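Kindly generate the complete structure, drawing on both the sequences and the hints.
Number of protein chains: 2
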Amino acid sequence: MKLLEDRIIKDGRVLSGDILKVDSFVNHMIDVELMANLAKEFYRLFENEGITKVLTIEASGIGIACLTALNFGVPVLFAKKSKSSNVSSDSYTVDIASYTHGNVNNVSVTKDYLTENDTVLIIDDFLATGNALLGLIDICTQAGAKVAGCGVVIEKAYQAGGELVRKRCRVEALARVASMGVDGSIHFAQ
Amino acid sequence: MKLLEDRIIKDGRVLSGDILKVDSFVNHMIDVELMANLAKEFYRLFENEGITKVLTIEASGIGIACLTALNFGVPVLFAKKSKSSNVSSDSYTVDIASYTHGNVNNVSVTKDYLTENDTVLIIDDFLATGNALLGLIDICTQAGAKVAGCGVVIEKAYQAGGELVRKRCRVEALARVASMGVDGSIHFAQ
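Residue numbers (my numbering), protein chains in the order written: chain A, 66 to 255; chain B, 66 to 255.
Derived from the structure by calculation, the hints contain no laboratory data. None of these values were measured; they are calculated from a predicted model. Be aware that a few hints might be false.
Any copy, or any two copies together, can satisfy a pair, since identical chains are not distinguished.
Under the rule of at most 30 Å between Cα atoms (straight-line distance), these lysine-lysine pairs were calculated in the DSSO-like manner [to be verified]: (1) Lys86 - Lys75; (2) Lys86 - Lys176; (3) Lys75 - Lys232; (4) Lys75 - Lys211; (5) Lys86 - Lys211; (6) Lys176 - Lys75; (7) Lys176 - Lys211.
Quick look at the structure:
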């Protein structure tokens with residue numbers, strides 16, 4: 066999606082450790098008008114799939130998930146990374162390793178909110194290792210829910226995650242980064 | 066706001082430990098159409114304040130903050146609860162104790178994204194002890210940013226937070242819970 070690629074070129078920054086920093090418009094400060102445009106594109110891509118719920122994981126997927134769900138007229142469900150005292154123990158859970166944070170989170174969704182009657186669109190900001198999306202697909206499998214596909218804002222197409230997740234379901238990435246140069250350049254896959 | 070109070074009566078649940086569980090429509094599953102209506106109300110209340118940024122804290126404030134910011138045509142900035150490897154060390158930080166989770170989080174906002182030129186609307190899902198809002202106000206003070214006020218979805222009006230935060234800035238709560246009965250009843254302040 067050219068609008069997003071142009072913005073990544075303009076405001077994204079390549080840091081050491083293979084980090085694409087987009088926290089000025091995606092995952093710390095959020096350009097909600099840009100996200101609303103991306104959300105419309107997710108709607109266009111999945112509008113005929115009978116989506117009943119948009120599933121994401123806290124925290125940085127929540128904004129784009131809410132704007133996407135508004136187009137579909139369905140609720141957002143966000144998987145929680147830590148057990149709080151007001152989440153039921155009656156949950157679907159999975160362990161997800163985070164590349165960015167270098168830790169493993171136990172991620173959970175309350176069973177009441179995801180069932181075999183659901184057709185789910187999974188939304189997240191990044192696809193790199195695929196761990197987060199695979200974990201969310203696993204939660205849907207536990208619930209017997211159908212996964213219509215995954216919509217991600219940015220895919221690091223040179224990492225293994227995209228191939229792993231595409232073995233499980235349809236994946237639509239609005240920008241696919243093919244490589245990042247040590248000079249800070251960013252190149253997109255066709 | 067009657068729409069919200071009616072929904073809290075219908076779907077909210079009172080649990081032991083003074084917990085009002087609204088995770089079927091506010092902070093685990095999110096009814097985005099309801100939130101879009103609440104966001105419009107926040108816009109009506111603060112539209113003449115020259116808001117330049119909506120500030121919230123991860124994770125459950127992000128959805129309502131994004132929908133609110135869309136009305137204002139300004140970005141969302143969400144304070145992060147844990148230091149990740151792609152957040153600059155050049156941040157405003159504050160420690161915030163969480164009643165729900167029983168822990169203390171170091172919360173941070175990157176300095177580049179909040180300045181003395183900003184007029185901030187702080188948005189969160191709950192106001193109880195006031196710790197989260199007071200922490201976000203502190204971050205704005207560190208940045209020299211003006212706080213136009215706080216908009217919260219649900220205030221537990223019988224806890225001390227509302228009074229503490231109102232000493233610092235304007236607070237608008239869309240539902241103010243006056244008391245919760247052991248029988249599960251929920252009563253609202255006038």
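The hints, checked one at a time:
no.	hint	result
1	Lys86 - Lys75	within (12 Å within a copy, 42 Å between copies)
2	Lys86 - Lys176	between (34 Å within a copy, 15 Å between copies)
3	Lys75 - Lys232	neither (33 Å within a copy, 42 Å between copies)
4	Lys75 - Lys211	between (37 Å within a copy, 29 Å between copies)
5	Lys86 - Lys211	between (33 Å within a copy, 27 Å between copies)
6	Lys176 - Lys75	between (42 Å within a copy, 20 Å between copies)
7	Lys176 - Lys211	within (15 Å within a copy, 42 Å between copies)
The structure does not agree with numbered hint 3 stated previously, though it agrees with all others.
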